[in-house]
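**Q** So you can see what is in the structure, the chains are spelled out below.
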Amino acid sequence: MIKVLMARAKQGYRTSAFPVEPPALSDRFVGAPVIGRPKCPPKCSKCVELCPMQCISRNTEKISIDIGKCIFCGKCAESCSPGILHFSKDYRMAVRKREELVLSGPVINLAEELNKEMKKLFGRSLKLRQVCAGGCNACEADVNVLNTLAWDLGRFGIQFVASPRHADGLLVTGPVTENMKLALKKTYEAVANPKLVIAVGACAISGGIYEGHSEANNGVQSIIPVDLFIPGCPPHPSTILDGLLRLMGRLKGDAREKINDSQPIPPVGDQLETRKKLIRSVIRS
Amino acid sequence: MSEKNYISIHNSEAFPVKSIPIVDIDDFRETVITEIERGKRLASFFGRPLNESAVCLTAVIADDKRGCLQILSTEVEKSYQSLTPDCSQANCFEREIAEQWGIVPLGHPWFKPLRFHHSYRKEYDAWERGLDEEILPAHTDFYQVSGDEVHEVAVGPVHAGVIEPGHFRFQCSGERVFHLEIALGFQHRGIERAIISGDKSKIPHYMETLAGDTTIGHSVAYAQAMEALSGCLVSGRAQILRGIMLELERMANHVGDIGALANDVAFLPTASYCGRLRGDYLNMTAMICGNRFGRNMVRPGGVMYNLDASLISQLSRKLEEVFSDTENAIGLMWDSPSAIGRFEDTGKISREIAEELGLVGVAARACGFERDVRFDFPTGIYCFSQIPVATFSTCDVFARAYVRGLEIQRSKSFICEQLETITGDDIFTVPGDSAPDMAVVSMLEGWRGEICHFAMTGADGNLLHYKVVDPSFHNWNGLAASMRNEEVSNFPICNKSFNLSYCGHDL
Ligand code: SF4
Chain C
1 MIKVLMARAK QGYRTSAFPV EPPALSDRFV GAPVIGRPKC PPKCSKCVEL
51 CPMQCISRNT EKISIDIGKC IFCGKCAESC SPGILHFSKD YRMAVRKREE
101 LVLSGPVINL AEELNKEMKK LFGRSLKLRQ VCAGGCNACE ADVNVLNTLA
151 WDLGRFGIQF VASPRHADGL LVTGPVTENM KLALKKTYEA VANPKLVIAV
201 GACAISGGIY EGHSEANNGV QSIIPVDLFI PGCPPHPSTI LDGLLRLMGR
251 LKGDAREKIN DSQPIPPVGD QLETRKKLIR SVIRS
Chain E
286 MSEKNYISIH NSEAFPVKSI PIVDIDDFRE TVITEIERGK RLASFFGRPL
336 NESAVCLTAV IADDKRGCLQ ILSTEVEKSY QSLTPDCSQA NCFEREIAEQ
386 WGIVPLGHPW FKPLRFHHSY RKEYDAWERG LDEEILPAHT DFYQVSGDEV
436 HEVAVGPVHA GVIEPGHFRF QCSGERVFHL EIALGFQHRG IERAIISGDK
486 SKIPHYMETL AGDTTIGHSV AYAQAMEALS GCLVSGRAQI LRGIMLELER
536 MANHVGDIGA LANDVAFLPT ASYCGRLRGD YLNMTAMICG NRFGRNMVRP
586 GGVMYNLDAS LISQLSRKLE EVFSDTENAI GLMWDSPSAI GRFEDTGKIS
636 REIAEELGLV GVAARACGFE RDVRFDFPTG IYCFSQIPVA TFSTCDVFAR
686 AYVRGLEIQR SKSFICEQLE TITGDDIFTV PGDSAPDMAV VSMLEGWRGE
736 ICHFAMTGAD GNLLHYKVVD PSFHNWNGLA ASMRNEEVSN FPICNKSFNL
786 SYCGHDL
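Chains as they are written, first to last, in the numbering used here: chain C, 1 to 285; chain E, 286 to 792.
Hints are computed from structural coordinates only; laboratory data are not their basis.
It is possible that some hints are incorrect.
In silico lysine-lysine, BS3-like type, Cα no more than 25 Å apart, as pairs [claimed, not checked]:
#1 E/Lys-697 x C/Lys-10
#2 C/Lys-97 x C/Lys-116
#3 C/Lys-46 x E/Lys-487
#4 E/Lys-485 x C/Lys-46
#5 E/Lys-397 x C/Lys-181
#6 E/Lys-603 x C/Lys-10
#7 C/Lys-62 x C/Lys-127
#8 C/Lys-119 x C/Lys-10
#9 C/Lys-195 x C/Lys-252
#10 C/Lys-62 x C/Lys-46
#11 C/Lys-195 x C/Lys-97
#12 E/Lys-303 x E/Lys-363
#13 E/Lys-407 x C/Lys-181
#14 C/Lys-120 x C/Lys-97
#15 C/Lys-62 x C/Lys-186
#16 E/Lys-697 x E/Lys-603
#17 C/Lys-3 x C/Lys-39
#18 C/Lys-97 x C/Lys-258
#19 C/Lys-195 x C/Lys-185
#20 C/Lys-195 x C/Lys-116
#21 E/Lys-697 x C/Lys-3
Please construct the entire structure, taking both the sequences and the accompanying hints into account.
**A** See below:
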């Protein structure tokens, strides 16, 4: 017993102050992409060609990037001229509508809170049933981490429950493989109305890296309606929590937010060199 | 038996496809069966289409003692005499081959699909299902025990926790489990097929998402394979960085598993500390490459992110701090007889069964086998800096937890040593084109166990075939075996003690 108490003293209090304080992120963390003011040079489509996910499209003067497909590999920004496209350290990316994930400027329409009636039901207590519908398990891992004492999800009234019958909604990860389609539908049907569906990760939003595979569907929305989209591959735990809290109306502030660009990801000297070499080799092949 | 039946190669060493002997099916069977009987292991066994009608079966046999791999092939069309009755390790491989290529292993004792999808050869289906017939996951036969007091418990695919989908059937009498059968395939998303037929620039990302918690493991295995095929030499610094990342991945997952075990026996201090500490290890990974799982770190040719002096000292400091908390958190549990008592003698598998099933990784080392790719088939930094193999011999949940504890300590010493002595500055060499008609087997000790990738190029140097074997593929039947005669209520700790990957199995 005494050992347990001593260990308790040694381990200390570790729950992060999020959302009062911003999360501690690595200096190399790749957050929301920022498309700056300058126009793209005519005929340039380097980023479009380099993106393995085909999430960038070039319009007449500018580009737009679909962060619902993006896996945040950062290749596009390394190939781009300064000021046009780069990644910020902003972890906030959750939105309510799929089309809002297509960014064409430095702003993002962050998730609005639920309507009054729904907020009354779920704003202070949200019980979710998690369904893993394919994917690589990294999204689940970073959802799971919210249950640890570092994040202590329970303090916000959010809890993952064992049965859809106990749940207010589903939190789905993965592209929805063909083999999980029926199970997802049945789980959705088993949740009482009114219910919420939250899609976490590129896979769940658009099929992600598995988009177009005949073994998988292109995301949750192709099967059931979705109320909140949390992008990333996988999304950082703070991105997920930020999204959930916004939905519950627990975070104040404008919904239409400028992406926090105070700390753009520094292109670390040799890291950039490496990237450039790689890009050259990709272009060559 | 003549030596000519197979070719002997080393881990991550390219060899001409033509040098693999193609023997007739009887020789193939006999060779594989005898070699496995002699104590070797079936590391990989797969089919690949040769032409309209023929499929080439290739077996990769691992000789742990001599540190080499034996490869041989045979050609079949519709069926062949199954190896499984004489070689249990072939069981899932044969079912996989049947499912993918419609080839029936005649006399297979428990012949059913593995991942539940249509055959890749349209005209051939091992179960004679039509092209338009819907294939539903886990719709197949299950072992059934009958009798007055016998009942069946079915769980999944959607489980009670935040975990991946799978279907489990227990045949029980009261609390006692006679048999557990596991049906997977719910996570099948067709990665292997996409690697060879899809967009090339996606391949590194496919590797990173074969099993998200083994991002570094699978991406290093892929990188090693591509480097061997293109003759690319990777700098020492990049090798060291790969080693550091791989061991960090091991530490994060092992700590998480020990925490999960503690949670399942309601020993909450260790459970909650380890949950937090796992995140700290992931954050160290993110300090290096920005991503908690090591995404975008490893590519053929080297690594993408370097360490400078300040980051090295930050990392060392952080590692000391987190490791000291880890020792404290885990030590607490080792000192608590009430917790340990739940692990001891629970979920035992005999050494013989472990040997017969060809278990790998922690599960094998917890049965006393000194089986570790870092030691038996070292590549990269492990050729120069060896990590002692951690084993324990009680074959139970405790052994699997304890081996993890030991490995955490050894990985920590390894990382410290590497951070102190890291030299060089180059971290990336642009890999050239892959040589045509070559093949390679790339193995690596991921945190779960042996990862084995087989890559092969065609006449144009492009990948013609790629086969991934995640350690879970070998070990799922180990979990089933560990539940024999256990209580149903012990399933959670048995399961956590293996902590196998669904997506790594389903691909
Ligand atoms: S979005 Fe990315 S991290 Fe999440 S399941 Fe899909 S591949 Fe894995």
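**Q** Against each hint, give a clear statement of whether it holds in the structure.
**A** Tested hints:
1. E/Lys-697 x C/Lys-10: 20 Å, holds
2. C/Lys-97 x C/Lys-116: 18 Å, holds
3. C/Lys-46 x E/Lys-487: 17 Å, holds
4. E/Lys-485 x C/Lys-46: 17 Å, holds
5. E/Lys-397 x C/Lys-181: Holds, because 21 Å separates the two Cα atoms, which is no more than 25 Å.
6. E/Lys-603 x C/Lys-10: 16 Å, holds
7. C/Lys-62 x C/Lys-127: Not OK: C/Lys-62 and C/Lys-127 at ~42 Å, beyond 25 Å, violated.
8. C/Lys-119 x C/Lys-10: 40 Å, violated
9. C/Lys-195 x C/Lys-252: 23 Å, holds
10. C/Lys-62 x C/Lys-46: With a Cα-Cα distance of about 13 Å, the restraint between C/Lys-62 and C/Lys-46 holds, given a limit of 25 Å.
11. C/Lys-195 x C/Lys-97: 16 Å, holds
12. E/Lys-303 x E/Lys-363: 23 Å, holds
13. E/Lys-407 x C/Lys-181: 23 Å, holds
14. C/Lys-120 x C/Lys-97: 21 Å, holds
15. C/Lys-62 x C/Lys-186: 43 Å, violated
16. E/Lys-697 x E/Lys-603: 12 Å, holds
17. C/Lys-3 x C/Lys-39: Cα-Cα ~63 Å, so violated.
18. C/Lys-97 x C/Lys-258: 17 Å, holds
19. C/Lys-195 x C/Lys-185: 13 Å, holds
20. C/Lys-195 x C/Lys-116: 14 Å, holds
21. E/Lys-697 x C/Lys-3: Holds, because 24 Å separates the two Cα atoms, which is no more than 25 Å.
Of the numbered hints stated above, those contradicted by the structure are hints 7, 8, 15 and 17, listed in ascending order.
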